[in-house]
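Engineer: In order, the protein sequence lines correspond to chains A and B. Per my numbering, the very first residue in the first sequence carries number 1; after that it's consecutive. Per my numbering, the very first residue in the second sequence carries number 1; after that it's consecutive.
If you're looking for bench data, these hints aren't it; they were derived computationally from the structure. Just so it is clear, the structure is predicted and the values come from calculations on it, not from any experiment. Think of the CB as a built atom: it goes at the ideal place given N, C-alpha and C, for glycine as much as any other residue. Some hints could be false.
[What the hints assert, rightly or not] Far from chain A, by Cβ distances over 12 angstroms, these chain B residues were calculated:
id, residue
1, F58
2, I93
3, D397
[Claimed, not checked] Here chain A is said to cover these stretches of chain B; the calculated rule only asks that three of the stretch's residues, wherever they fall, bring their Cβ under 8 angstroms from a Cβ of chain A:
id, stretch
4, 40–53
5, 109–119
6, 174–187
7, 216–230
8, 274–285
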Amino acid sequence: MSERTIVITGTGAVCAAGRDPAAILDAVRSGRSAIAPIQQWDTSRWPTRMAGEIADFNARQMVDDRKVHKLIRRTDLLGLYAADRAVDASGFAAQRASLDAPAAAEYSDRTGVYVGSGGGNYESQYDYFPLLTAAEEQLPAFGRELSSTVNPMWLLRTLPNNVLGHIGIRHGFKGANACITNHSIGGALAVIEAMEALRTGEADRVLAVGHDAPIEPQMVLYYHDVGLLAKDAIRPFDARRDGSLFGEGAAALALETEVSAQQRGATILGEVLGGGSANDARGLLAIRDDGDALSRAIEAALDDAGLRAADVGMIATHGNGTPQSDASEAAAIRRVFGSSAPPATAFKWAFGHLIAAAGIIEAVLALASLRAQIVPGVATYAVADPDCAGVPVSVDAQSPRSAVALILCRGFAGTNAALLLRAKV
Amino acid sequence: MAIRRRVAITGLGLVTPVGNNVQATWDALLAGHSGGAAISLFDASGFPVRIAAEVKGFDAAAVLDDRKLLKFANRSHCFALAAAEQAFADAGIRPTATTAERWGCTVGTGMMGVDFSELVAVHGHSAANGTLDAAQLLSDASANNPLVFCRSQSTSGLSLLARRHDIRGYASSVHTACASGGQAIGTALKLIRRGAVDCALAGGFDSMISPVGIAGFCLLSALSPDNETPERASRPFDLTRNGFLLGEGAGFLVLEEWESARRRGAHIYAELAGDGNSLSSYRITDSPPDGDGPIQSMRQALANAGATLDEVDYVNAHGTSTFMNDRSESAALRAVFGAGVKNVSVSSTKSSMGHLIAAAGAVEVAVCALAIRHEVLPVNANLRQPDPDCDLALVRDAPERRRVRVALSNSFGFGGSNSCVALRSPAAVDGAGFQA
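Next up, chain A with everything else stripped away, as it sits in the complex:
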């Protein structure tokens, strides 16, 4: 039992494949992909039509607070939903409720929140389109008619840090915090920074959250134009792979020290062992073929956790299905693991690329997989690609070599992150 051991005592997740980690993992294991034609707008003439949208999206049902809906957008709702589930599972609120007022206030001050947020979208600015029409695109009229045409809450609804602020208000958490808007590795960095807040004693318990809702016309078009999107499916490490596809969703982890969890008798799901991050420094979209920064992120995570490569029992790859990312990811894995990498899987094929939430939802699912003692198969995988040699990915489920998972995560601007978790089986 250690103050330095950081344990997981609650999780939450939502995406097209389900609304809790168990349901999502079941969908993955059944080989069903939740990626389908986009419903939010008519894509019949679009070159790319597929994404992992959450069907039957009922905002009121997901977050039962009428006031908050006027102040947030779809991505925020997903983040609040996943955060609520992790808080419920952790029992933090119940524990605080058992304390007297000064101790409860101290409890709130010592509870941190770390969020990885997509940072915004293009549609938010479309709220100004009716005004631009009314003003015939003339600025003096735009200024004059502003307050009669645009929702006064526009800026607040658009804040990239809405989930952080509203988690604070909903749950009364007031401790150390950050909102990380670092594209696809934001959620993974939220876990790393949350772990560090516990290690350094800045907080006694922390919620780590990632959320994103990138499925919107202008975003889809840009990603298509720069060659990142697949025609119909994500096929990680497969010779036929032709790109990635968006998903939407969120995930959350409740973390605390092992001492804290044991003292209150909380159920421990696993441990966060370490993390690392590194940059390729080649620009927004460029990736080095040798996977240099990703391999350095993995080495940093192993070093941080005090583990050797051979200790890793499974790899949850980034596996986004783009030709270059998967090949360079394989290069990084070969650099660290040589020809003896543990069983590997990928999750994006089943519900899309959740961008800022990708790393954290995949961490939640890796934990659930290890607890079930399986490495789920990748249903879209069929044809091995020599460029992706050394990544033991399979259409069939495999067995993990140990209870330790390495989760890999990569984003725009050359960012890479690696996380190490151990499941309590």
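The hints should help you fit chain B onto chain A, whose structure is shown.
Structural biologist: Quick look at chain B alone, frame taken from chain A:
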């Protein structure tokens, strides 16, 4: 317990509404010059607020010899690139082939979005009747322009800085609204302390002086409507204050692990000594009247720095010049310092520069470093009728000569995130018998 690594501030770079480099900005802050003026970047004649603190006479191409890189940069990215260039030159150190992997980069970035001209272009082509026709987007030049895409992502600025300076370690963008810059610097402090990197470029950049940016704040009635007196519009802690003055710009710091900075003979401005972060968890825009939230961030920053209350000589206040913020921040300062608050000099340099939003915290940490270096505190400009609810030792009328042992920089954001960064004089670190 292992000895914690110290962090040195060894380089500064600033592009602000009162100066396009550190010296010009510092001179203006001491003189209490205002960067406020009528908006020139667009026709604001119809807006309820027609004033802002714009960066003036800035030519990115003149300070950055990379035209290809600048094609991918929007206005705020240009400020960031220029300020980072200054900070590296000032520090006399930059990433090399052998050190690049040990350098980190943390930035507080503004809200994601396209430039207003691009929004108008998409409106004209794909949303002329007021709502988006997604089918039209397929043939929309702006919505198919990869440059527009690359300039509008949340990590666009980070990618340009990392590429320009070959920064290969931990690199991250953060956004907690007006607390972003402080949070970015606090993140870099943690990275160096825990050994994830040895050096870092840390800062913030923003530019919201656009029709959509001004509109967003106008709709919330957050801006001072004093269109006739822009140079007086930002008057933190004054009884007649009525909103903030929107600014723009960038501030960057070069940070190094202390011992290695000493070994190479670096000129150290200050120790980046601690940071504190809290959530007010009160309301999204309002500050709690009793200072709850900022109280905890300040206490944490002091504890994190290992500093005592009586060592604090200067607080660079968040001091936005809104009614609520300045009252709440004053209450927080009184709660933290108690009777000793009368001995702590306070000024808000937003009185001169306006509010630089995501860049504010970073620029103001740099101001604290300059106050420590020069042993003089910048003035809280425009203070004529002090608000009795803001009963602080404000630096009035003229800059104050004072040796600073510990300085605090406050930044509080919409959403309730509070950041406090603590800096310590190098003389106080080295134990050179420093007496106040």
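Engineer: Does each hint fit the structure? Answer for all of them.
Structural biologist: How the hints compare with the structure:
1. Under the 12 angstroms C-beta cut-off, the non-interface status given to F58(B) relative to chain A holds; the minimum distance is some 22 angstroms.
2. Distance to chain A confirms I93(B) as a non-interface residue, since its nearest Cβ pair spans about 17 angstroms, more than 12 angstroms.
3. Every CB of chain A is more than 12 angstroms from the CB of D397(B) (nearest about 35 angstroms), matching its label as outside the interface.
4. Figure legend: the stretch 40–53 of chain B, annotated as covered by chain A; annotation consistent (7 residues with Cβ-Cβ distances under 8 angstroms, at least 3 required).
5. Under the rule that three or more residues need a Cβ within less than 8 angstroms of chain A, the assignment of the stretch 109–119 of chain B holds, with 6 such residues.
6. Chain A is given as covering the stretch 174–187 of chain B, and this holds because 6 residues of the stretch bring a CB closer than 8 angstroms to a CB of that chain, at least three being needed.
7. Using a Cβ-Cβ cut-off of 8 angstroms, 5 residues of the stretch 216–230 of chain B lie near chain A, which meets the minimum of three, so the contact claim holds.
8. Counting residues of the stretch 274–285 of chain B whose CB lies closer than 8 angstroms to any CB of chain A gives 9, so the stated coverage by that chain holds, three being the minimum.
Checked against the numbered hints given earlier, the structure satisfies every one of them.
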